[in-house]
Amino acid sequence: MHARVIQLSAWAPGFSRAHDWGCFNPNELPSGNEKPPAKQVPAMTRRRLTRWGRQALEVCEAAGEELTPDTPVVFSSRHGDTARTYKLLAALAEGQPLSPNGFSLSVHNSALGIFSILRQITAPGIALAAGRDTFAAAWCEALSWLDQGAPQVLLVHTDEPLQGVYRPFADEQEMPAAVALLLAPEQADAGRRVSLRMQPVQQEPSEHSLMISFLHWWYSGAESLEVSTDQHTWQWRRDADPV
Amino acid sequence: MADIDTDIKQMIITELELEDIEVEDIDTEAPLFGEGLGLDSIDALELGLALQKRFNVKIDANSDQNKEHFRSVASLREFVLAQTAS
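Chain order of the listed sequences is R and V. The first sequence begins at 1 in the working numbering and counts up by one. The second sequence begins at 244 in the working numbering and counts up by one.
Just so you know, the hints here were simulated from the structure itself, not pulled from any lab data. Computed from a predicted model, the values in this text were never measured in an experiment. Treat the hints with care, as some may be off.
Quick list of simulated restraints, FRET-style, between CB atoms [what the hints assert, rightly or not]:
1. V:D307 x R:F169: 28 to 34 angstroms
2. V:E262 x R:E28: 43 to 49 angstroms
3. R:A18 x V:E262: 24 to 30 angstroms
4. V:D263 x R:V107: 24 to 30 angstroms
5. V:E272 x R:R167: 45 to 51 angstroms
6. V:N299 x R:P37: 37 to 43 angstroms
7. R:R167 x V:Q295: 30 to 36 angstroms
8. V:G279 x R:Y166: 37 to 43 angstroms
C-beta atoms are modelled at their ideal positions from N, C-alpha and C, and glycine is treated no differently.
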């Protein structure tokens, strides 16, 4: 099914502009503790966010004026804010009281909630996770909103690599990064026409997360991307406009 | 007393992760909530927890006096001193 990418913005440590992403090499993944500025977020709100949430809000802001209050938001993250939830679980295990702030932000939709309050978005929002397929599942969700008549949908994906006690469970290479896309129906008169196809899994799963494969493909300018997870084979394709 | 004030201010900055704020930036007499520092209700809960941990004081969740205790750094200091004296 087709949609149009009106806008795409991505952030990772050392990668904040399209120019940086042009040099992105999945074999040398960005790491480090650098945080995005997230200047549009009031300081008193920003202080409460881990990098996981902060980078999501950073990329959302790039949608700027285009983002109207009636724009549904599809928010996705495979792991969620694991740094925060681990802290809470550790406190519980030690019989310590929980941080009220940590607790209030420990849900999967915390960054989406903060963003929609700040931008006064009144359209529905959904936060989802779907294993290695998460980013593609969010894309499918966005397509279904467009099919139901939404004039545009904001798709936001953010993740941090698994750390600490969760690290041994990592089954793909990940990086700290977030990407936001403003998607519009195929009939829209602006934006890049892109299709996504889902098929039964046809090849060995990629060693990289879908977000890494997708961003590498997007900024490489290549025509299509075929990439497998443990569940499905996904094909993104940039298509020429119909004549 | 100035030491307790500094302790409380440092605790507020650390526990509430106030970016770009130093101990000197917090006025001992200024309101902490609403105006002044502009803290909110979640900060009040976080602060209550921090006070229990740091100064071992008990805060009665249903006390009408809490609002007065949490008004400023000065009122928090008086509250801590009164609790630790008893």
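Hints, one by one, checked against the model:
Distance hint for V:D307 and R:F169: a CB-CB separation of about 49 angstroms, inconsistent with the stated range 28 to 34 angstroms. A C-beta distance of roughly 31 angstroms is found between V:E262 and R:E28, which places it outside the suggested range of 43 to 49 angstroms. For R:A18 and V:E262, the hinted distance range of 24 to 30 angstroms is satisfied, since their beta carbons lie about 28 angstroms from each other. Restraint check, V:D263 to R:V107: a C-beta distance of roughly 28 angstroms satisfies the suggested window 24 to 30 angstroms.
Take V:E272 and R:R167: their Cβ atoms lie about 48 angstroms apart, and the range 45 to 51 angstroms holds. A hinted range of 37 to 43 angstroms holds for the C-beta pair V:N299 and R:P37, which are about 39 angstroms apart. Distance hint check: the CB atoms of R:R167 and V:Q295 are about 33 angstroms apart, consistent with the given range 30 to 36 angstroms. Hint check: V:G279 to R:Y166, Cβ distance near 40 angstroms, so the stated range 37 to 43 angstroms holds.
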